[in-house]
Amino acid sequence: MNQKPVIAYPSQFALLLGFLGVGLLLSGLLMSWLSSVILNVPFLQVPDALMKPENVQFARFANALTTFIAFFIPAWAVAKIAHKNAFQTLGFNSHINIKQVIAVGVISFGALFLSGSLAAINEIIPLPATFLAKARKLENEYQQTMITLATMKNIGDLLLGLLVIAIAPAIFEEVLFRAGLQRVLVGITKNVAVGIIISSILFSAIHASYFGFLPRVALGVVLGLIYYLTGNLWLAILMHFLNNAVVVIQIYVYTQMGKPIKEAMDEAMPIWYGVFGLMIVIPALLFLRKALPLANESVD
Numbered sequence: 000m001n002q003k004p005v006i007a008y009p010s011q012f013a014l015l016l017g018f019l020g021v022g023l024l025l026s027g028l029l030m031s032w033l034s035s036v037i038l039n040v041p042f043l044q045v046p047d048a049l050m051k052p053e054n055v056q057f058a059r060f061a062n063a064l065t066t067f068i069a070f071f072i073p074a075w076a077v078a079k080i081a082h083k084n085a086f087q088t089l090g091f092n093s094h095i096n097i098k099q100v101i102a103v104g105v106i107s108f109g110a111l112f113l114s115g116s117l118a119a120i121n122e123i124i125p126l127p128a129t130f131l132a133k134a135r136k137l138e139n140e141y142q143q144t145m146i147t148l149a150t151m152k153n154i155g156d157l158l159l160g161l162l163v164i165a166i167a168p169a170i171f172e173e174v175l176f177r178a179g180l181q182r183v184l185v186g187i188t189k190n191v192a193v194g195i196i197i198s199s200i201l202f203s204a205i206h207a208s209y210f211g212f213l214p215r216v217a218l219g220v221v222l223g224l225i226y227y228l229t230g231n232l233w234l235a236i237l238m239h240f241l242n243n244a245v246v247v248i249q250i251y252v253y254t255q256m257g258k259p260i261k262e263a264m265d266e267a268m269p270i271w272y273g274v275f276g277l278m279i280v281i282p283a284l285l286f287l288r289k290a291l292p293l294a295n296e297s298v299d
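Sequential numbering of the sequence shown, starting at 0, is according to numbering that gives the first Met the number 0.
I should point out that these hints are in silico values taken from the structure, not numbers from a laboratory. Careful: at least some of the hints might be erroneous.
[Said to hold, decoys possible] For lysine to aspartate or glutamate, the following DMTMM-like pairs were computed, each having C-alpha atoms within a straight-line distance of at most 25 Å: (1) K133 <-> E266; (2) K189 <-> D47; (3) K51 <-> D265.
[As the list claims (entries may be wrong)] Per label pair, the in silico range of CB-to-CB distance: (4) G257 <-> Q56: 17 to 25 Å; (5) F57 <-> K98: 36 to 44 Å; (6) K189 <-> L137: 16 to 24 Å; (7) V245 <-> N96: 20 to 28 Å.
Values in this document were obtained by computation on a predicted structure and should not be read as measured data. Where a beta carbon is used, it is the ideal one built from N, C-alpha and C, also for glycine.
Taking the hints into account, I'd like the entire structure generated from these sequences.
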């Protein structure tokens with residue numbers, strides 16, 4: 000990842016935005032067309048058809064395919080154009096030791112409390128009633144989509160859910176937001192904090208969930224720090240997967256117990272839990288940095 004880019008970072012950023020826009024458009028059209036053909040429904044009825052329980056398996060794979068085209072391919076294409084070895088540039092480094100894995104696991108645990116605290120803060124921020132009503136409507140739609148995608152009746156469904164809802168998004172989103180946007184933004188601004196914060200805000204915004212905005216920004220910052228400190232995208236992917244997997248497993252357990260699934264998606268915790276979370280996350284990040292004293296030199 001020390002390779003000198005063939006094209007400047009501002010040009011990489013412009014290419015990335017362009018490819019991302021094209022990827023989002025093409026993936027949306029492709030998913031709609033495939034869904035229309037495979038589910039045998041009119042084009043305009045595809046969104047409703049994908050929300051039906053009998054189509055949940057197809058909806059999961061369609062969502063994963065869309066994310067691959069829209070997120071993974073643009074970031075990979077820019078890295079391929081700008082550098083000789085795209086995967087090395089993105090941070091697909093196979094050198095991982097058990098200390099790193101344990102550190103990331105501890106960070107993930109602490110981040111749960113930090114996210115829960117920020118979710119509670121997110122809910123009490125005073126905003127106009129009209130905005131909150133629209134935000135709540137979007138949040139309900141987002142939660143309903145996630146509930147549909149996470150419908151699981153048995154262990155087989157759980158394993159498939161972990162693959163499509165936890166692993167695939169973790170890989171594709173980290174490639175775009177950390178290995179793509181963050182890497183390029185740090186190169187443009189020459190400021191690690193600015194690059195991490197901007198990419199984290201974009202990471203949160205693309206989920207279109209106001210009530211989860213602050214928790215996802217915080218998650219993005221922690222993921223960005225892991226990527227920057229280690230230069231290893233797999234470690235950021237691991238944490239992202241663990242974060243997703245907790246939700247998927249919670250939904251599965253609640254389903255088996257006959258409890259409302261929405262309760263499993265309620266992130267809010269007492270605000271003071273955030274202090275406890277930081278007391279776990281910060282030392283674990285410092286441990287990760289000490290374990291890799293030269294890692295911060297490899298994310299150029």
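Hint check results:
Between the alpha carbons of K133 and E266 the distance comes to roughly 20 Å, so the proposed pair stays at or under 25 Å and holds. Simply put, K189 and D47 have alpha-carbon atoms about 46 Å apart, too far for the 25 Å limit, and the pair is violated. Distance check on the hinted pair: K51 and D265 sit about 23 Å apart at the alpha-carbon level, within 25 Å; holds. At roughly 22 Å, the beta-carbon separation of G257 and Q56 lies within the given 17 to 25 Å, and the hint holds.
As the Cβ distance of F57 to K98 is approximately 41 Å, the hint placing it in 36 to 44 Å holds. The hinted range of 16 to 24 Å is not satisfied by K189 and L137, whose Cβ atoms lie roughly 36 Å apart. Our hint of 20 to 28 Å for V245 and N96 holds, since their Cβ atoms are close to 24 Å apart.
Checked against the numbered hints given earlier, this structure breaks hints 2, 6; the rest are met.
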